[in-house]
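Colleague: Spelled out from the first residue to the last, the chains are:
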Amino acid sequence: MNPIVTVAAKEFRDGLRNRWVLSIAIIFAVMATGLAYFGSAAAGQVGFTSLSTTIISLASLAVFIIPLIALMLAYDGIVGEDESGTLLLLLTYPLSRWQLLCGKMLGHGVIMAFSTLVGFGSAALIMGLFAPDISWSELAIPFSLFILSAVLLGWIFIAFAYVISVSVTEKSKAAGLALIVWFLFVLVFDLGLLGVLVGTQGDVDADLFPYLLLLNPTDIFRLVNITYFADQQLSGLMAIAEHVRLSTTALLVSLLVWLSLPVVLALALFNRRAL
Amino acid sequence: MTNIVELVGVEKRYQSVRALEPLDLLLPEGEVLGLFGHNGAGKTTTIKLILGLIKASAGSVRVFGQDPTFSESRKERQQLGFLQENVSFYDQLTGVEVLRYFARLKGIQTSECHRLLDQVGLKAAAGRRVKTYSKGMRQRLGLAQALLGNPKLLLLDEPTVGLDPLATQDFYHRIGQLKEQGCTVVLCSHVLPGVEKYIDRAMIMGKGKVLAQGSLNDLRQQAELPLVLNVKGSGLQVPESIQSRATVLEDGVSMHLSLQEKMPVMQHMLAQAGVTDIDLHLPSLEDLYTHYTRTCVGHEMEGVL
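If you read the sequences in order, they're chains A and B. Per the working numbering, residue 1 is the first one in the first sequence, and the count goes up by one each step. Per the working numbering, residue 1 is the first one in the second sequence, and the count goes up by one each step.
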C-alpha cells in the first residue's frame, strides 16, 4: 500500500478511537439543528426558520468553531510524534518526509471532511424531514455549498496547524501558536479591517476594499455562503463586499489557493526540520 | 567479507559545537558491536549518521554501500531495524495494530506481526491498547518493530531498558540468532552487565571521541587492568615478583596480576599442596568502561555527573 494512504488510514483510525470524529460530528449536528429550530427565538417564535437565515447564522457561528476544531485536531500532528519519539523512528522507514506529512494531513483532512459531512448532513436531513416550509430541492444546493466550504475552511486550518506543528519543538508552544493563529484570523483581522474603514470614514476605494476580504479565509467562507442568498441584506463587514460581487466559483478557488499555501509551506519547513 | 557500515573520517558539528570528532568505523556483516558511553558522548549522533537522519559535516558514510542520506538509498531502509530510547507508541491503537502499521510502512507482510509479538512475549497483550502497556511491554513492542522484515542491520539504543532479567536474556539470545543469520547489530547502551558475552567488539566513546575500540581481549590488554586471582588454602607461597601486589586474607591470598603473569602465577600456585580453591576475576566490561572514561575524559566528566 502507498505509504501516504497507510499513514492517513492510521490517522483516521486514531481519530475514531479518541472520539474526535464523533465529537466533531455531534457538535456540528447540534449546532446546525439548533440554529435551524431556535434561530428565530429572538423574534419571539420557536420553530424552523427560513433556510437563508439558518445558513447565514450557521456560517457566522461556524466561522469561529471550525478553525478552532481544526487547529485543536492537528496542532500536535508532527510535534506530538516528535515528543513521543515515533517521528525519528518513522523517518528511518522507507518513506520520505513529504509522504509522511501528506499522509498525516490527508488523514486529518478526512477526519474533518467526514465529520463535517455527517454532522451538517444529518442536520440537513432533519430540516428536510421536519421543517414544513423547506423542500428538498431548496435545501440541496445551499447546504452542499455550505458543507463544501466548511470542509475547505477546516482543511485550511488543518494546514495552518501543520505549519505550526512542523516549526516548533514543543507541544505546548504549538498549542499557544495555534490559539494566536485562531485569534488573528477569526477576530483581529476583521476588527482591523473595520478599524480602517471607520478610521478613514469610509474614504477608501470601494472597488478595492472588498478584495481585502480575500486575505482572510474565514471571510471568504462567510462570503461564499452569504452571497448565495443574493437577496439578503448584508450586514457588518460583509456589507462592504456588496460593491463587488465575487462569483461563488471565484470564492471557492480562492479557498483552494488558501489551502495550497500552508500545505506547501508546511512541506518546505518540514524538509528543513532538524532531528 | 563485505562491510555493512563504513564510516571514514566522519565528523559532525552543530554550528561551532563539535558533536563528533573524526571517527572511523567499519562493521562487517554479522558482527555485533557494543557502543558505550555517557550521555552526550556521541553515541546517538553516530547512530543518526548511520541511519541517514543527519548529514555528516565531513568524511564519508556508507551503509549497504550507499550514502544513507540520499533518497535513492531509501529502499535500503527496508533491511534496517531501529529502536531508539524512550519511544512511546500510539496509545489509542492496540499492539498488533501498531506493529501492522509499521509493517505496512516497511512494505512487508502483516502476517509476520503475530509471530513477532509471540516472540517478544506479547501474544496475550496483542489485542490490548498500548496505553495499558507497562514500560517493559512497550520496550518489547519496540523490539518487535525493529525486528520486522528480518533486518540485515539492527541499531538498538538502550534495548534492554525496562526489561526484566529473563526478558533481557531472551533478547540477547535473539540477537545471537540474528547474528548467526548474518545480521549486523549495533547495541548502544550505558547499562553494561550481561552484554559482554554477546558482543564481538566494543567501542567506548566520550565527549564525541572514540576512547577505545576493539574486542574485549584487546581492550583488556590495552587497558592493562589487573586481573584478580584469589587463592584459598594454608601455607601459600606467593612468587616474589608479585609480593607487593598480594594481600593475605584470613583463609588465603588475593593477588593483582597482569595478563602476562596469569599463567605462570596460576601454575605456581596450583603446584602447592595447601591450595583448596582458586578463583580468577577478569576485568569486566564495566571495569574497562570506567577505566577508559576516567582516564581519557578526566575529572571534568565527574563534575558533570
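These are calculated hints, taken from the structure and not from any lab test. Hints should not be assumed to be uniformly reliable.
Here are some, though not all, of the chain B residues that point toward chain A, as calculated from beta-carbon distances under 7 Å [said to hold, decoys possible]:
1. Leu53
2. Lys55
3. Arg74
4. Gln84
5. Ser88
6. Gln92
7. Tyr101
8. Leu105
9. Ile108
10. Met137
11. Arg138
Predicted, not measured: the structure shown is a model, and the values here were computed from it. Even glycine gets a Cβ: it sits at the ideal position worked out from N, Cα and C.
Colleague: Next step is simple, just say for each hint if it's right about the structure.
Modeller: Going down the list of hints, with the structure as the test:
The beta carbon of B/Leu53 comes within 5 Å of a beta carbon in chain A, closer than 7 Å, and the hint placing it at the interface holds. For the restraint placing B/Lys55 at the interface with chain A, the shortest Cβ-Cβ distance is roughly 11 Å, beyond the 7 Å limit, so the hint is violated. For B/Arg74, the interface hint holds, since its Cβ comes within 7 Å of a Cβ in chain A; the closest pair sits about 5 Å apart. Hint status for B/Gln84: holds, given a least beta-carbon distance of 6 Å to chain A, under 7 Å.
Contact between B/Ser88 and chain A, as hinted, is supported at the beta carbon level, the nearest pair being about 5 Å apart and thus within 7 Å. The interface hint given for B/Gln92 holds, since its Cβ lies 4 Å from the closest Cβ of chain A, which is under the 7 Å cut-off. Nearest Cβ of chain A to the Cβ of B/Tyr101: about 5 Å, under the 7 Å cut. The hint holds. The beta carbon of B/Leu105 is positioned within 7 Å of a beta carbon in chain A (closest approach about 5 Å), and the interface hint is therefore held.
Interface hint at B/Ile108: violated, since its Cβ lies 10 Å from the closest Cβ of chain A, which is beyond the 7 Å cut-off. The restraint placing B/Met137 at the interface with chain A is violated, with a minimum CB-CB distance near 16 Å, outside the 7 Å limit. Annotation: B/Arg138 was flagged as interfacial toward chain A, and the flag is violated, the nearest CB pair being 10 Å apart, outside 7 Å.
The structure is inconsistent with the numbered hints 2, 9, 10 and 11, although it conforms to all the rest.
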